[in-house]
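Q: Sequences are here, hints too, so could you generate the full structure?
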Amino acid sequence: MAAKFMPPPIAPFVTTRDVFLAAMTKQRSEFRPSETKPHSLVRRGGNQVAPAEAAALSRRQFLEAAGFTISLAAFGGCGRAPVDHAFPAPAMPAGTIPGQLRSYASTCTGCSAACGLLVGTRDGRPLKMEGLPEHPLSQGGLCAVGQALPIGLYDRQRFAEPLQNGKPAEWTTIDHEIVQGLDRIKSQQKAVRVVTSTVTSPTLRARIAAFVKQFPDGRHVVFDPNSSSAILDAHQQTHGARVLPHYHFDRATTVVSFGADFLGTWISPVEFTAGWSSRRAPQANKPEMSHHVQFESRMSLTGSNADRRYAIHPSQQGPLVGRLAEIVATLAGKPLPEKPVANMDGKFDQQLAELAERLWHERGRGLVVCDSQEVGVQRYVNYINHLLGNYGTTLDLERPSRQRQGNDRDIESLVEELSAGQIGALFVADVDLLHALANRPGLADAVDRVPLSISFAPRGDEFTTHAKYVCPDHHPLESWSDAEPISGLMSLGQPTLQPLGNTRAMMESLATWMGQPTTTLAALQAYWKDSVFPRRPSSASASFADFWDVALRSGFVEVTPEPVKINEFNATSLKPLMPTTAADGFTIVLYNKIGMPDARHAHNPWLQELPDPVTKVTWGNYVCVSPADADRLQINDGDVIAVSVGKDAPQLELPALVQVGQHEGTLAIARGYGVKGTDRFAKVGPQWIGANPTVVDGELVGVNAAVFQEFRSGMLRYERSGATVAKTGKHRALAATQKYNSLELPSNVAPHGAEHRDVIQRTTLAAFAKDPHAGAAEHHATDTQLWPEDHPKTGHAWGMVIDLNKCTGCSACVIACQAENNIPVVGYDEVRRQREMHWLRIDRYYDQVSENVDVAHQPMMCQHCDNAPCETVCPALATVHSSEGLNEQVYNRCVGTRYCANNCPYKVRRFNWFAYPHPDLRQNLVLNPEVTVRSRGVMEKCSMCVQRIEAGRIAARTQGVPMADGMVQTACQQSCPADAILFGDMNDPRSAISAALKNPRRYRVLEELNVRPSVSYLRVVRNRDEEARRG
Amino acid sequence: MSERLLLAKFGHEDDLLASCKELRRHDYKIVDAFTPYAVHGLDRAMGLEPSRLTWVCFLCGMIGAIGMLIFEYWVGAISWPVDVGGKPWNSLPSNVPVAFETAVLLAGFGSVFALFGVSRLYPGKAVRPEFDRVTDDRFILVLAETDARFDPAEVKHLLRPFNLLELEERVVSAGGVPS
Amino acid sequence: MQQRVLTIALIIGLGFSIALLASAMSAWRLPDNQQGYAPQQPIAYSHRLHAGELQINCVFCHSAAESSRYAGIPSSDVCMKCHRLVTAPYNVMQQELQLADKEKRPPKTIVSAELKKLYDSLALDDKLQPIPGRTPQSIAWVRVHNLPDYACFSHQAHVAAGVTCQYCHGPVESMERMQQFSTLAMGWCVNCHRDATRNGVNGRQVHAATDCSVCHH
Amino acid sequence: MANTMTQRVPTSSSVPNPDALATLRPPLIAGDKQPADVTHDICAPFERGPTALWWVAFAVSFTTLVIGAIAVTYQIATGIGTWGLNRTVGWAFDITNFVFWVGIGHAGTLISAVLFLFRQKWRTSVNRSAEAMTLFAVMCAGLFPIIHMGRPWLAFWMMPYPNTRGPLWVNFKSPLLWDVFAISTYLLISAVFWYVGLVPDLATIRDRSPAGWRRRLASIFSLGWNGSARTWHRYETVYMLLAGLATPLVFSVHTIVSMDFATAVIPGWHTTIFPPYFVAGAIFSGLAMVLTLMLIARKVMQLEDYITLRHVEAMCKLMLSMGCIVGLAYGTEFFVAAYSGNPYEQFVFLNRAGGPFRWAYWTMVTCNVIIPQLLWLRGVRRNIALVFAISIVVNIGMWFERFVIIVTSLHRDFLPSSWADYSPTIIEVATLLGSFGLFFSCFLLFCRFIPVIAMAEVKGVLKSPHHAHEHESVKGDAA
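Read top to bottom, the protein sequences are chains A, B, C and D.
Heads up: the first sequence at position 213 corresponds to 213 in this note's numbering, and the numbers run straight through without jumps.
Heads up: the second sequence at position 48 corresponds to 48 in this note's numbering, and the numbers run straight through without jumps.
Heads up: the third sequence at position 101 corresponds to 101 in this note's numbering, and the numbers run straight through without jumps.
Heads up: the fourth sequence at position 261 corresponds to 261 in this note's numbering, and the numbers run straight through without jumps.
If you're looking for bench data, these hints aren't it; they were derived computationally from the structure.
Heads up, the beta-carbon is just placed ideally off N, CA and C, and yes, glycines get one too.
All clues given are correct.
Ranges between beta-carbon positions, derived for each pair: (1) 162(D) - 93(B): 24 to 30 Å; (2) 304(D) - 168(B): 35 to 41 Å; (3) 92(C) - 526(A): 52 to 58 Å; (4) 168(B) - 121(D): 29 to 35 Å; (5) 728(A) - 69(D): 39 to 45 Å; (6) 213(D) - 122(B): 19 to 25 Å.
Just so you have them, the derived chain D footprint on chain A, three or more residues with Cβ under 8 Å: (7) 863-877; (8) 1002-1015.
Chain D is faced by these chain A residues, among others (derived, beta-carbon under 8 Å): (9) 745; (10) 750; (11) 751; (12) 835; (13) 860; (14) 898; (15) 905; (16) 906; (17) 912; (18) 936; (19) 937.
A: What follows is the structure in structure tokens.
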């Protein structure tokens, strides 16, 4: 069976034959794809492929089809290149065109936010994830995690077949045994639990419900590793419905967030970023933007973008919310019967008062959110929003969100039942129970005692090693799915590839065990026919087939939501908060990195190497320590320290990272690391005598910080007080892509009067209102030319404008660029040596390094200078200027003197220090055939997605029309959730970019060098009153 | 017909120079002199014309410089004009260094090979005439016995004051170098 | 004296060798120059017959040329569009028909050796019925035109610009076995681009850029 | 050797006492030599078998050469990543070594060519070894631009040759390409200059060595030199021409090398004073290296009479003046930065003196400016040991000068986000050592097989005693 996975034809997708012959390698990709598509795929706006044409085919055939590839068998005589075979598929369905990009509307499964997805496939291989522009939530944006989906699809470590006690087995036998086991349990009246993370798919939810209903004691337990259970419970108590409101940041003019990282990882970041940023673009004639205040103890991405950010101790969060509620209540004239908190230090009172004023003044247009897992606190949050009349405007309960359904109480009871041995059958899907509940030691043994334990995990994890059966689910890109992220918003996910392994969708597995086998597609259509079709909008056609087609083509459909019963706000539910005493010792704050929202993605090399937007550290987690504590304890970056909370919990050893803006007495550690199987990355990156392994053998990428979680009053808490810290004397340098973090030069060598570099220009709304050009750097940017301008750009002049005020630094663009441009993963050691390969990086600067730190993010890529310093110095003409203003890098001409990189003022050029390995041929299927895979010793850099420009040009030429504005979108632009990146033709007076160039906030980095970059930036504007500080 | 040559051997350059002048005063025809090192003033003493190799050098240099300038202009502005850093197609300043180097290279090689050419120096050439210690510390003057009234005795007499070490007569075939 | 003779001999020898080299030069090919490459194909497919005699349009088989980077090598089922009926050379089939008429029997299907390979690849028997239990296999054609991996050539762009197939691929309709007609060297592309921009393609004004990134990205 | 000489010429004037030397201008060549002695003394070292000292020296330098070769092989096979470079610091040891070695080369040409034009007779005893040094130094220098490439096997793309790419030529606007031409020209011209000077001496060797491989080789390469005055006459002209060409060449080469930096936008590189600054530095380092080698050769080859204290002193004075010029350049850089009002420029220099690499900067200043000031003292100039030490120090300092210019300018340039640090790997260090190994191996071989002193020229500058013939006749009979 396994042998079938690597038949000869799939040989080098990356031809290594002529690395020494100066050949850049690019995979041959003329294979016949369509057979690899399951039947009745619908191309967006395209015609349906009749099932007949798409006979299902075996993996053998797929891989064969996959090979329009080179077999380096024979050498022709006298200096002939190696004989190169072409394997056209035996039969080719109609309407499939080799090498042509096809996009399929689908739904992202990276997290439970269920954003709209556009799966770009070429020759039957899904390659590039893009946001679905029409999607009402994500609005064309897609986060880094979504972008990184495809590499997981081609992962060899995914289970290729079901396992029985860890050994490969046939489905039939496994099904037989499971059904028997279930019957036994039914007779024994034992409990059956299906544990999943939030299931946004109504069909699957219904299926699970039906499945558990067969058993006397069957329940579906929803476990979100980063749950918002408290919010749901709070609404249960205040509004009588356990729902999660749908937050509308696009409607909020004042946003107050208590620790909620809504631009990063909280509930639905892409949607929230889109909404939030829509209110961050002040115009000269209309100087308005939202006001965003953040109270948080660690430095989150959201906090780094706030207009005002207050570092607070975790124990202060509740009291502050309570205090705000109190003030707002008095403003509303409904003073609270009893003080929310007894002991209240007056800290922040004045700020809170101002804030309450503002909120009250902007009633119905404010939004208060909080990530607290304490129901009491969330009740007060609801109360505040209730008093301000935000429900119905910025919070929607009529059409609640289904993006977080987790119920921590159920988890807690499940854990009890498990340890009590009451569970008969345990089904676990898309969450590693044992990893996520590492705070409960001994749970593994409890699982071992469960008679029937089944995992649906696609890869080996801690639970699968204890599960009796592993029934691997498809990769989302291989299977049908649907989702209802917001009540009434139904979206569909369609497969873009036949399953690579002998896997089976969870839906089908459950159906089989219920004795009513069906295909997922059938199940979906059945469910939609019964419960979605009836709710269709009046405009929709009366035939289900048409309705289904439309939904499938557009990827989603809006239907009338199921009614939810919302009670009047129940003020009696408000109870004073527990008096919080700042416990001695440190308080651990557990969070999720933007690149690692949960452990499911730990096997994704792109995400592992994605620099965290705030810390800029790749590969693994670490303890963020506040500067004050670091000074006190003499801790420096990379010092390995041991963190422990008393006897019961184990102690963890991680490298430290001194994080400005973090509150004293807190330790922030990222969860989702220390995942079983991540030792696979030990050999990622080049291997040479000086190389340090990415993963020390026997260890994993990072450590599992979940051990510090704890259940408190029914909620899984992500902060833990009373922690102690000890230095181990060990040191592990952090692989950070940025070593110097401020625009302030080191004081000892800063020239007088030029201590600050105005690479990022900032101003305040007040100053901007007075003068739209406020914050501009005053240097005489000379525009005189030494030589005549004899390089006129008669045709297009490609350029880019990046709005720094919208950009949150979420790094979606970084992965988009990596996926589009075949950028290699280089591993911990290379990143540590400052040799990361990302063409597009996001510079992050802390401005005044102090208690209240100002953060700015700046996407930085090749600026495509008209007077490019890099071009002049290349002896081989390997980097030259195109007639359309692009700075071209010709890999196959490059000899690698690195002179260009030295001479680049922006340091955006990346050099192939080694031949970065592409050993896994299956993995190489993710490579974009439109972009050359660079060999060792050549320079590379952002090309402004020239392959897309060329594709657009050819398309336009074929149709005989000029290239329309917006016809070509760069990968970064397409993915940007904040819509901060704009690319276009600067010669076209009607283009969007030409308008943007006239924006008073527009400036160019290092303009004074007169290198004439084609990339412009729009100045940052913070919504504050005080005057602008320069730079 | 054959030619008779008279070879006078000295131990010091001063003697050579002096005797050289003396003999020319008595208009004896000096065929050549052989010395271990470049004796200053010998060329004047023997009445040799200044060498024309300087012109060869100049010529080659010019060819190098101008040729390269033209080539660079053609490459940059005509053959395939490529926009590098917005610089002009034909930017003279950036063409100068290479042109200069080429000039030097050609000039140097030109003059050296010219030297080898005109003085018939090539690898493995047989050394003729061979004199003992002439590359060490002996100085030899070669006289041609042009006519009958040539008297070796008189020559010996003339050269006595210049502590002549040795006088020798050789007969060589016509036109040939003394062997 | 001897020396003279030697010198003269040497000079003559030199002259000879130079002449020889010069004559040999024409036969020399630079490394990577694949011009004239005509490999043996698994099936002796004749472009002369199909494209020449039978006048089958190029894009009938290479259907992607107008719409994609790749012209595409046709899959076996494209062949079957005709060879479902034509199983052997015309005259052979004629004879069989006449024979069948004479002998008053239904004509046998005669399968020529080369076409047999095609049917095998599609797992069809002599009656052109699928052989149970066998899956169709790809035919391992040998690529004739191999551009290096770093050169991005688009058939679509050139076909759209009105460049004829023959312009690059040569008189395919007269080739018994397919061979590489042009050098496909970069200079060859660039010069054609320059010429096209100057003089247009078949009288049509075009802009064929010589920017590097047109082909190298 | 020395004592045999004193036997032959027992006059006390043979080894004059130092004071006398200093006061009345003494002969260039001590020991009242005759042409025959010159031939004899200078040919002696390679007619005798190699000394133990030579073997030791050669063993050491050849071992380092082998180490270097291994390092380079590994680097080319594995990738530039085996060096400590990163996305910000793209050059470090490689180009530092390159500039260093080119610089070393220059003094050779300077001594042989420039001093020749200035009719400095004292050059005659050092120019041969100086030129040899130039040759080997430029060989070492030439290596680095090639091995520092990501794809060295494509180095030939630097040459504008007709090709099938359009044709695609090279970028004549790139200083790196100017380098290619400058360095190769320099190497070739130096080689020719050296060889032309060698021809008469080869003839001498040919004539005095017994039949055997040495004689055969000598007779091939001496091109049938017969010492004819006519040839000498043309020879002198050409030699003068070559000297005249080599002199501007030296300056142009290092000017062009400096343009690699001067034409870049990087603060700390982008400055107009680089050409003179680099040339001065080059001559400075070159002189130091010549001194080092001369003092070694003097000892090892027992040539005290030919390389006298007077030569040493002359060299010291030159070195001192160059050191002062370099010092001035360092100062000027700071002034320019301060006066320009360019914040980036100002930062770079403050960062050099006070940043992470200040140790390198101050090493440079100490070695190149402060310590050479000792040479003002005559006592120091005449103390062989001290001079040797100083020459070594200057070599080190000049290496650091290039390191400082390259690395400190790169590691913190415009955008603080991409600031990085740099530390070499073992491979880089091995490569540097290897280049020294190559250099010294070549030089030692040169000492063994080729007259280290230009006999024909030295004979030309021998003091001519008026009644030399008396000795002559005596020796004539003796012979």
